[in-house]
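Given next are the chains, with one letter for each unit.
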Amino acid sequence: MSLDKATVARIAALARIKVADADLDKMVGELGAILTWIEQLNEVDTKGVEPMASTVAMELHQRDDVVTDGGYAAKILANASEPVARGEGGFFTVPKVVE
Amino acid sequence: MSDPAFLGLAEAAELIRAKKLSPVEYAQALFARIERRDAAYNCFIALTPERALKSARDAETEIMAGRWRGPLHGIPYALKDIIDVAGLPTTAHSKILADNVAQQDAPAAARMVAAGGVLLGKLATHEFAIGGPSFDLPWPPARNPWNRNCIPGGSTSGGAAGLAAGFFPATLGSDTGGSIRNPASFCGITGMKPTYGRVSRRGVVPLAFSLDHVGPLTRNVRDNALLLQVIAGHDPQDPASADRPVPDYAADLDRGVKGLKVGVIRHFYAQDLKRGAPEQVAAIETAVTMLADRGARISEIALPPLADFNACGQVILAAEAYSVHEAWLKERPQDYGARGRERLLAGATLRVADYLRATRWRRTLCEAAAAAFKDIDVAITATSVDPACRFDDTATLAAIYGRQVLMPFNVTGQPALSVPAGFSKDGLPLSVQFVGHPFAEATVYRVAQAYEAASGWADRHPPDLAV
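Line by line, the protein sequences give chains Y and U. Heads up, the first sequence is in this note's numbering, so the first residue is 1 and it goes up one at a time. Heads up, the second sequence is in this note's numbering, so the first residue is 1 and it goes up one at a time.
I should point out that these hints are in silico values taken from the structure, not numbers from a laboratory. Among the clues, some could well be false.
[Unchecked claim] Under 7 angstroms between C-beta atoms, here's a sample of chain U residues computed to sit facing chain Y: (1) W328; (2) E331; (3) R357.
[As the list claims (entries may be wrong)] Cβ pair distances, simulated, as ranges: (4) Y/D45 <-> U/P463: 25 to 33 angstroms; (5) U/E285 <-> Y/T68: 38 to 46 angstroms; (6) U/R351 <-> Y/A22: 23 to 31 angstroms; (7) U/A32 <-> Y/N42: 37 to 45 angstroms.
[What the hints assert, rightly or not] Restricting the straight-line Cα-Cα distance to at most 20 angstroms, the calculated cross-link-like pairs of lysine to any residue (SDA-like) are: (8) U/K425 <-> U/A277; (9) U/K330 <-> Y/D65; (10) U/K261 <-> U/A338; (11) Y/K26 <-> U/K261; (12) U/K330 <-> Y/P51.
Heads up, the beta-carbon is just placed ideally off N, CA and C, and yes, glycines get one too.
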């Protein structure tokens, strides 16, 4: 498919981009190239093919499975009020709620 | 000290390690050469002598104290001016970014610093790594040291030309549709587009997200392997970066090709592209014979036609590049050079459906390529079918960037290396391209090294630049 300058000017207006008159001739060539690629694209059967987002199979980066926080039960228990806190072995102690 | 202009990275590293070459004197000698000669080639956009001499002095002090960091320690290098270095402008060779000062180093640049390299300056490119040589930008286009009336190729034009001119032994470029391999081919040097995701692209001005690669350019294969070693690795902040171990790229370099399976992709340069320079086609066939003589098992393989890869890749490139540039194209179109503006504006006409159709086609092309590579270790094909043309040969210039075997491996993301393969009758460099499986750069280097050793085409220098 070939384009003329008027068509290119109209496409530019529709795409809301300014193209100087001096650039129109060269844009005819650039757009012509793109249309050729699109024509090729339209001939390809992509039925049932998923888009390809990345050429290299990616796995989400995972951090090492190690404990990086914790080990300060006393500090946490310090926030609890007497007599709830101060349970044995670094646990909260709460009143019995079921019989 | 003899003139270190054409010392290779590995060679210079040995001398520096043995305290026979001073990093300070090395950098000073190259600056003097650049000062004397770059006006003819326009490789540099900016020089950074103060920073370089400080890095060189630091390297010298450390090495004298016995703290040698590795092959890049004290080695001068330069960067394509789309790669961020904290405190320096990253202009992308464009008026649009003339005042854009980088806040932090791109990870690839930071790795060069950590390895002890000495940054000499920032290098010319095609504007925003697209288009071609332009004379309406704030800086002139780089010229080919083999004939300054000829283009050096691009977009890593200053990098390839600077290596050929003996201005530095190592540089980094980017490759979205061939921008490392094409100038490597035209300037007679060695350029690797690594696997997609192998080198971080963060802090590098994007052209097309899913096709962009950062990679090393040098004057021979061994230097290239050493330089990729420095920049390869995972970057958690680049979403496309691969979290895979980095092998020792130099370990198997000299093991030869005996028993390796090499597939020739002949249709790309003998059928899909017509009327390639006969000596270029002959150079590839000679390379195939040399590898066969050294024990490689040769077969011919077929991929989908080159035009399919080009159409698919160019639609993706045009759409992604337009998404990067849309705001500037609307607000400041006059600040682009004509060539870059025309190329980038064309992307405005693409529809979402076209883009997605291209990404679906891309999957079928990648599957076809993977199937073709199933029974081989490395493929050999052309990089370009023509040597460089003259700036004033507008007809050839308009066609030459389309007469390359580059886009297939941006589409598939496979590693691809262009190496020198002799000269045309006019004395311009020829080339050959080796392509590997994803993340198998080491095997690509091994085959290329065997070819380089057999052919002797690396480390040739333009006659009038010999001193």
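Verification of the hints:
no. : hint                                 : result
1   : W328                                 : violated, 11 angstroms
2   : E331                                 : violated, 10 angstroms
3   : R357                                 : holds, 5 angstroms
4   : Y/D45 <-> U/P463: 25 to 33 angstroms : violated, 53 angstroms
5   : U/E285 <-> Y/T68: 38 to 46 angstroms : violated, 59 angstroms
6   : U/R351 <-> Y/A22: 23 to 31 angstroms : holds, 27 angstroms
7   : U/A32 <-> Y/N42: 37 to 45 angstroms  : violated, 57 angstroms
8   : U/K425 <-> U/A277                    : holds, 10 angstroms
9   : U/K330 <-> Y/D65                     : violated, 48 angstroms
10  : U/K261 <-> U/A338                    : violated, 46 angstroms
11  : Y/K26 <-> U/K261                     : violated, 45 angstroms
12  : U/K330 <-> Y/P51                     : violated, 29 angstroms
Comparing the model with each numbered hint stated earlier shows that hints 1, 2, 4, 5, 7, 9, 10, 11, 12 do not hold.
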